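Protein chains in written order, with the working numbering: chain A, 955 to 1094; chain B, 955 to 1094; chain C, 955 to 1094; chain D, 955 to 1094.
These are computed hints drawn from the structure, not numbers from a lab.
This one's a predicted model, so the numbers in the text were calculated from it and none came from an experiment.
Among these hints, one or two may not hold up.
[As the list claims (entries may be wrong)] So, partial list: chain B residues that the calculated Cβ filter (under 7 Å) puts toward chain D:
1) Arg964
2) Val981
3) Glu1024
4) Phe1078
[Stated by the list, open to error] DSSO-like cross-link-like pairs, simulated, lysine-lysine; straight-line CA separation at most 27 Å:
5) Lys1042/A to Lys1003/D
6) Lys1070/A to Lys1022/D
7) Lys960/C to Lys1050/A
8) Lys1042/D to Lys1022/C
9) Lys1042/D to Lys1003/B
10) Lys992/A to Lys1037/C
11) Lys993/C to Lys993/A
12) Lys1003/D to Lys1070/C
13) Lys1050/C to Lys1022/B
14) Lys1003/A to Lys1003/C
Yeah, the Cβ is synthetic: ideal placement off N, Cα and C, and Gly gets one too.
Read off the chains here:
Number of protein chains: 4
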Amino acid sequence: MRSESKITARYAETDQMGIIHHSVYPVWYEVARTDFIKKAGMTYTEMEKQGLMLPLIELGCRYIYPAKYEDELTIECYIEEFKASKIKFAYEVYSKDRVLLNRGFTTHAWTNLDLKPLNMKKHFPEIYDLVLNSMEETDE
Amino acid sequence: MRSESKITARYAETDQMGIIHHSVYPVWYEVARTDFIKKAGMTYTEMEKQGLMLPLIELGCRYIYPAKYEDELTIECYIEEFKASKIKFAYEVYSKDRVLLNRGFTTHAWTNLDLKPLNMKKHFPEIYDLVLNSMEETDE
Amino acid sequence: MRSESKITARYAETDQMGIIHHSVYPVWYEVARTDFIKKAGMTYTEMEKQGLMLPLIELGCRYIYPAKYEDELTIECYIEEFKASKIKFAYEVYSKDRVLLNRGFTTHAWTNLDLKPLNMKKHFPEIYDLVLNSMEETDE
Amino acid sequence: MRSESKITARYAETDQMGIIHHSVYPVWYEVARTDFIKKAGMTYTEMEKQGLMLPLIELGCRYIYPAKYEDELTIECYIEEFKASKIKFAYEVYSKDRVLLNRGFTTHAWTNLDLKPLNMKKHFPEIYDLVLNSMEETDE
Chain A
955 MRSESKITAR YAETDQMGII HHSVYPVWYE VARTDFIKKA GMTYTEMEKQ GLMLPLIELG
1015 CRYIYPAKYE DELTIECYIE EFKASKIKFA YEVYSKDRVL LNRGFTTHAW TNLDLKPLNM
1075 KKHFPEIYDL VLNSMEETDE
Chain B
955 MRSESKITAR YAETDQMGII HHSVYPVWYE VARTDFIKKA GMTYTEMEKQ GLMLPLIELG
1015 CRYIYPAKYE DELTIECYIE EFKASKIKFA YEVYSKDRVL LNRGFTTHAW TNLDLKPLNM
1075 KKHFPEIYDL VLNSMEETDE
Chain C
955 MRSESKITAR YAETDQMGII HHSVYPVWYE VARTDFIKKA GMTYTEMEKQ GLMLPLIELG
1015 CRYIYPAKYE DELTIECYIE EFKASKIKFA YEVYSKDRVL LNRGFTTHAW TNLDLKPLNM
1075 KKHFPEIYDL VLNSMEETDE
Chain D
955 MRSESKITAR YAETDQMGII HHSVYPVWYE VARTDFIKKA GMTYTEMEKQ GLMLPLIELG
1015 CRYIYPAKYE DELTIECYIE EFKASKIKFA YEVYSKDRVL LNRGFTTHAW TNLDLKPLNM
1075 KKHFPEIYDL VLNSMEETDE
């Protein structure tokens, strides 16, 4: 499964180079991740309420072309790797005319509310299955 | 008492007008407020641990001259009004050569961790006294 | 005319109180302002290209109820005051079930690209008329 | 040469996990980079005025331990790779008691004001030498 999120670049996200500041892309990835989880049949809010958190352990971004204010972008998100201890999401940011502007990934640990790592297959088997299903699903 | 905080404007805080984005000033006010509370003999972290929070109920900013990237600024902070139910801080942002660039205020409710308003004179008398003392102190 | 913007609160916009940080509302106002200008028949990007800028001179926010992560919000925007030298926008942020969470305003100067004030009725008569029309229009 | 930057984590930089949001580290890296360039005998503001820009082409971060509000951090920055077409900076974020919380890198293209790549050894030989010298210098 891939999720698609629509984002319009905000003025506050620009910098004095006249482009979207590079630190904004991880925020957009997060919007895409939120949408992915919702599309998989859950909400991240609900996950946290159940005691499951997803802090980052690694982030990578490649900046290919700059995005600009008012650009209407599409962010695609999918799972690249999934284990009981961690999960890796990949992202692609496209312009309106389908040019790849940016790509990246985030790797997260599954933790409890105190940010201690946990085996989520064991402690959250239903969410584990949800994630697994989302990976198998083909987008029609 | 007045506190003084030194801030250097960050690149990420600029926008495509080539100036510091207006939404950054409330963040700088918060840095100044953090320093004020520390100077008054406490930390905001400690306050929250004791169960006391300070969510905003009002914010006001006046933008006089724009700040720019790498500008070395001084933010002065003082209490303008103090009650058992709320507190109002005032801020002045000065350039290196002492031009007033921006001024503003924030009004906060005293609440518990669930964001319910409380009478802090009654529930946190020591912090109440600390604040009161900080207002009487004259800066030498 | 009133514009309506839909926003979903982002994780990055939360703070450790578990609510949306107060400095985010001016950013949302700006999203709403961008949408308003587009609805009025222009884009802010186009305005800047023509040499017209809208830096803030004043900002005010009232925080009534906190917004939270993943909340689906509606931001309404309209012009409260309009002159050849400045313009004042008003904003209302509503929750999904139509509770007013936050309201505010921004006042802007009309300036050239060097941020020098100008009389926009004189220098940009077409944009002046566009704004004027947008104020007269009733939303159906 | 290594530069050292002192940063105190801001409240606005926290998220509802109670830690500093991961998108803040690239902003801190930038603060460190600004300080590095200053220590090397220049300012980034001056570089941009001369027509030289440094947009990101790649970013990487590893999150080891979370930073929290009011934490007093040290960010070390040094050049890991330097060519006429691009430059790579490395960063290490340490807690007050010298625990490595986060490490990362940014790779930048040397470009003109229109973000077109350029050979900076050829077009900005003095800045090229400055950078080269900064790499050779040993910190005492």
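Verification of the supplied hints:
1. The beta carbon of Arg964/B comes within 6 Å of a beta carbon in chain D, closer than 7 Å, and the hint placing it at the interface holds.
2. Given hint, Val981/B at the interface with chain D, holds; its Cβ is 4 Å from that chain's nearest Cβ, closer than 7 Å.
3. Interface restraint check for Glu1024/B: the shortest CB-CB distance to chain D comes to about 5 Å, inside 7 Å, so the restraint holds.
4. For Phe1078/B, the interface hint is violated, the least distance from its beta-carbon to any beta-carbon of chain D being 19 Å, above 7 Å.
5. For the proposed pair Lys1042/A and Lys1003/D, the alpha carbon gap of about 41 Å is over 27 Å, so the pair is violated.
6. Between Lys1070/A and Lys1022/D, the direct Cα distance comes to roughly 16 Å. Compliance with the 27 Å bound is thereby established for this hinted pair.
7. Distance check on the hinted pair: Lys960/C and Lys1050/A sit about 20 Å apart at the alpha-carbon level, within 27 Å; holds.
8. A hinted pair counts as satisfied when its Cα atoms are at most 27 Å apart, and Lys1042/D with Lys1022/C does not qualify at roughly 38 Å.
9. Only pairs whose Cα atoms come within 27 Å are accepted, and Lys1042/D paired with Lys1003/B is rejected, the gap being roughly 41 Å.
10. Under the criterion of a C-alpha separation no larger than 27 Å, the hint pairing Lys992/A with Lys1037/C is inconsistent with the structure, at around 45 Å.
11. Between Lys993/C and Lys993/A the CA atoms are separated by roughly 30 Å; this puts the pair beyond 27 Å, and the hint is violated.
12. The straight-line distance between the Cα atoms of Lys1003/D and Lys1070/C is roughly 20 Å, inside the 27 Å bound, and the hint therefore holds.
13. Our distance criterion of 27 Å between C-alpha atoms is broken by Lys1050/C and Lys1022/B, whose separation comes to about 38 Å.
14. With a C-alpha separation of about 47 Å, the suggested pairing of Lys1003/A with Lys1003/C is violated against the 27 Å cut-off.
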